[in-house]
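**Student:** These are the residues of each chain, in order.
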Amino acid sequence: MKKIILTLLFTFCLLINIAQAKELYLFNWSEYIPDEVLEQFTKETGIKVYLSTYDSNEAMYTKIKLVKGEYDLIVPSTYFVEKMAREGLLEPINHKLIPNLKNISPKFLNQSFDPENKYSVPYMWGSTAVCYNSARLGKGYIKSLNDLWNPELKGKLLLPNDVREVFGLALKKLGYSINETNPKHIEEAYLELKKLLPLVKVFDSDSPKHALLNEEVLVAVTWSGEAFIANSEDQNFLYAYPKEGYSLWMDSFAIPRGAKNVENAHKFMNFILRPDISAKISQEMGYATPNQAAIKLLPPEIQNNPIIYPSQEELKRGEFQTDVQDALLVYEKYWNELKNN
Amino acid sequence: MKHKFYFFKYPLIFWLITFVLIPSSAIFAVVFFSFHPTNFFSLPLTLSNFKKLFELHFVQIFLNSLFLAGGATIISLLLGYPFAFILSWLTPKKKKLALFFIILPFWTNSLIRTYSLVLLLGKKGFFNNFLLALGIVNTPLELLYTKIAVFIGLVYTLLPFMILPIYSSFEKMNKKLLEAARDLGASSWNVFFRIILPLTKSGIYSGCLLVFLPALGMFYIPDILGGSRDILLGNFIKDQFLFTRNWPLGAAASLVLSLIMIVLSTLFFKEKKIKFVHE
Amino acid sequence: MNKKKLFSTLYLFLIYAFLYIPLILLTIYSFNQSKFSLFWKGFSLKWYLSLFHNSFLLKSALNSLILATTSATLTTLLSLIGSLGLKYSPKANKNFWLAIINLALVSPDIIIGVSLLIIFTLLQLKLGFFTILLSHLTLCLPFGVITFLSTLEHFDFNLLEVAQDLGASEINVLRYIFLPLLWPAILSAWILSFTLSLDDVVISFFTTGPQFEILPLRIYSMVRVGIKPEVNALCTLLIILTFIFVGLAHFLLERNIKGGKRT
Chain U
1 MKKIILTLLF TFCLLINIAQ AKELYLFNWS EYIPDEVLEQ FTKETGIKVY LSTYDSNEAM
61 YTKIKLVKGE YDLIVPSTYF VEKMAREGLL EPINHKLIPN LKNISPKFLN QSFDPENKYS
121 VPYMWGSTAV CYNSARLGKG YIKSLNDLWN PELKGKLLLP NDVREVFGLA LKKLGYSINE
181 TNPKHIEEAY LELKKLLPLV KVFDSDSPKH ALLNEEVLVA VTWSGEAFIA NSEDQNFLYA
241 YPKEGYSLWM DSFAIPRGAK NVENAHKFMN FILRPDISAK ISQEMGYATP NQAAIKLLPP
301 EIQNNPIIYP SQEELKRGEF QTDVQDALLV YEKYWNELKN N
Chain C
342 MKHKFYFFKY PLIFWLITFV LIPSSAIFAV VFFSFHPTNF FSLPLTLSNF KKLFELHFVQ
402 IFLNSLFLAG GATIISLLLG YPFAFILSWL TPKKKKLALF FIILPFWTNS LIRTYSLVLL
462 LGKKGFFNNF LLALGIVNTP LELLYTKIAV FIGLVYTLLP FMILPIYSSF EKMNKKLLEA
522 ARDLGASSWN VFFRIILPLT KSGIYSGCLL VFLPALGMFY IPDILGGSRD ILLGNFIKDQ
582 FLFTRNWPLG AAASLVLSLI MIVLSTLFFK EKKIKFVHE
Chain A
621 MNKKKLFSTL YLFLIYAFLY IPLILLTIYS FNQSKFSLFW KGFSLKWYLS LFHNSFLLKS
681 ALNSLILATT SATLTTLLSL IGSLGLKYSP KANKNFWLAI INLALVSPDI IIGVSLLIIF
741 TLLQLKLGFF TILLSHLTLC LPFGVITFLS TLEHFDFNLL EVAQDLGASE INVLRYIFLP
801 LLWPAILSAW ILSFTLSLDD VVISFFTTGP QFEILPLRIY SMVRVGIKPE VNALCTLLII
861 LTFIFVGLAH FLLERNIKGG KRT
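Chains as they are written, first to last, in the numbering used here: chain U, 1 to 341; chain C, 342 to 620; chain A, 621 to 883.
Bound conformation, chain U alone (with noise of 0.2 Å):
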């Protein structure tokens, strides 16, 4: 019985297949794009798509790397862009088939992971800072990066399980860019986190929520999506961004080296960048989006949510990270000694 059905299951796969060259593979972090956005694609367009997803920028590059022409579009973030370009793994982007280009504003084009778009087009960004508890700490209390390396939050403290976001606090700290592959201070930062370590009680960049709004800790460094779910379950939740600087974060599309479907893959870049879809995306996620024609779409209180999106003057002491190649061996090499310590 089960092998008729199971023979049965396939023919159908096959006949689909068979029934429909118009497909698109798309391979993305999961729930990132809304279920009925995509059907909306397939229901104007015909394309059906299929989607696989990842839970991390570093397990997406492997597999790319080590597979041809399995997908034919990807979401990477920030430096993977570059990375990727530069081994070779992406293929050019032709902006005449994506007029919707024109939406995204400038602020979040051309940037140095990627100059004139060529390989990529924004699709979602936010930002690393830190989220902490004004119920019990009082409102202010993070202003600056120094602020986290008060005693008094000994065991109070959640980092990033993430060795570039956390060395980016230190360097920050001592006046460095994130990016920083001068071991040397590289090492200077290891001696400031390890005054920090102490302090720390998780490392967590999955879910830090959990940890904030259970009082584990009462300061958190995280990406502005937890700090939004946590502001949203409980409005004591504050959102800091430090004024010495911190790292900001963006996924871009980008098409794979060998994808079959290269054409489909603009369409439905294009598709998402249209206001009306950009703008039920972000509200629908949560996450800032590039798109300024989009963002006049979105209600009052999501356009002006200090936690999506940032003030001008905070915007300017972000910093996209970018690959810092040979010197992550020696992030890692500090990053085991801290941990070992």
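Hints in this document: simulated from the structure, not taken from any laboratory. Backbone N, C-alpha and C define an ideal beta-carbon position, used for all residues, glycine too. Check the hints yourself; a few may be wrong.
According to the in silico footprint, chain A covers these stretches of chain U (three or more CB under 8 Å from chain A) [claimed, not checked]:
| # | stretch |
| --- | --- |
| 1 | 29-40 |
| 2 | 65-76 |
| 3 | 206-216 |
Computed spacing ranges between beta-carbons, pair by pair [stated by the list, open to error]:
| # | chain 1 | residue 1 | chain 2 | residue 2 | range |
| --- | --- | --- | --- | --- | --- |
| 4 | U | 297 | C | 362 | 53 to 61 Å |
| 5 | A | 710 | U | 87 | 45 to 53 Å |
| 6 | C | 415 | A | 797 | 31 to 39 Å |
| 7 | C | 516 | A | 710 | 33 to 41 Å |
| 8 | U | 276 | A | 870 | 23 to 31 Å |
| 9 | U | 40 | A | 669 | 18 to 26 Å |
| 10 | C | 366 | U | 36 | 43 to 51 Å |
| 11 | U | 257 | A | 748 | 50 to 58 Å |
Let chain U serve as the given structure and place chains C and A on it in line with the hints.
**Tutor:** This is chains C and A only, laid out in the frame that chain U set:
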């Protein structure tokens, strides 16, 4: 009949060669290559990866993992052994149901269950609220992000891997033996240590193996419940393969791990064999 | 004797409580109004409704079930046959293959995943159901073999010979002596493999293709965005379905036995 069985191993051996031996050897060969920032590994051949391993506190990482996996194995054995014993005395009907209820929770995704434990163990979690409401404690217990939470999580995920093999060794134990021993005046203590324990030894051995080895490489449960303050073998190897993309180093770590484990388990197995012969 | 029984029942109860409390929590949260399922914000059925519209999630759950059933069945077969063969191999030979099985057991998932992906690419296999099935068989096989070997350890093969000497055909020996004796091990091996296969993330990530997405992958990658209550709803439904299914099977089996089909 025995003679025929001998040939039965070939499909398994074919499988092991194609999907375990060849891929593993390929990965282990990578140990002798050098780091390359974009190609995972490259020439020249080198032995320095082993040295680098120890510069990165590999011993410490190994001991961290050993402690967690060993602890989880012992707790699972202590909890699972009596459980399997009681189970084996139930009526066949009840037995089937009881076994099914043991395994059912494990068909729910383990990540989801681990996050459920976070909700349970947190300072504002259900367990603490329960204790506070009953007046057993005055301030919430620190459970989440401690070793206790990690052990709870590991045991919670691995318990059936201990219970099932032990249970099946209880099942094939001839219960009449116990009655006979009792009739002959053996004390409960003696019955347990001289009959039950030796007869279920192979189940214990399998159960421990099936809990200990996977626990050694596990990292997301200790990370979520323990706050990832320690680097474990699983994290370390994953980081080398995905994050720094230093495959030679990751392969070296995995090779050292495999060698130690194989030596340990073969020694254990041999020793057990000898004992059986003497019995 | 009664005290003993009470103690046993209490012990069973405590272990079951330990296993089930997190599941009960999960079920409760599937009815939570709040999107991020941290605090209770009122009763709602909306996640069940939106689950039924989430075709991607449902499809991946179905894929997972198909995959786990297939791989558990094949693993059980292959490891049963293989363990019989191993038991009757020369000791040195047996120990060597046991060491390889332990090697598979101790290899971190990431290494199995990456190395199998490389093998599949070299063999130019199209990534999808077939490749992920091969990799899950590799993942589950050691568990199956170890379960069977520990059962076969005390297995009295004289029984089979006696039966044959008494004129039983090989098939009858297999059917009436061998299988009933091995039944608990077969069940254990199947259940262990099914469980492992249903829960694997890392190996599956590398060895599956874009057309065969499975549930654990979706859930695992969901963490960064927050696990949706729809997933809680889905898990609750799966638990209830399993209950119904097993209850039904139990009921039917009972009736069969009472009907006198048992030999």
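**Student:** Evaluate each hint against the coordinates.
**Tutor:** Hints, verified against the model:
no.: 1; hint: 29-40; result: holds (count 6)
no.: 2; hint: 65-76; result: holds (count 4)
no.: 3; hint: 206-216; result: holds (count 5)
no.: 4; hint: U:297 - C:362: 53 to 61 Å; result: 59 Å, holds
no.: 5; hint: A:710 - U:87: 45 to 53 Å; result: 50 Å, holds
no.: 6; hint: C:415 - A:797: 31 to 39 Å; result: 37 Å, holds
no.: 7; hint: C:516 - A:710: 33 to 41 Å; result: 34 Å, holds
no.: 8; hint: U:276 - A:870: 23 to 31 Å; result: 53 Å, violated
no.: 9; hint: U:40 - A:669: 18 to 26 Å; result: 19 Å, holds
no.: 10; hint: C:366 - U:36: 43 to 51 Å; result: 49 Å, holds
no.: 11; hint: U:257 - A:748: 50 to 58 Å; result: 20 Å, violated
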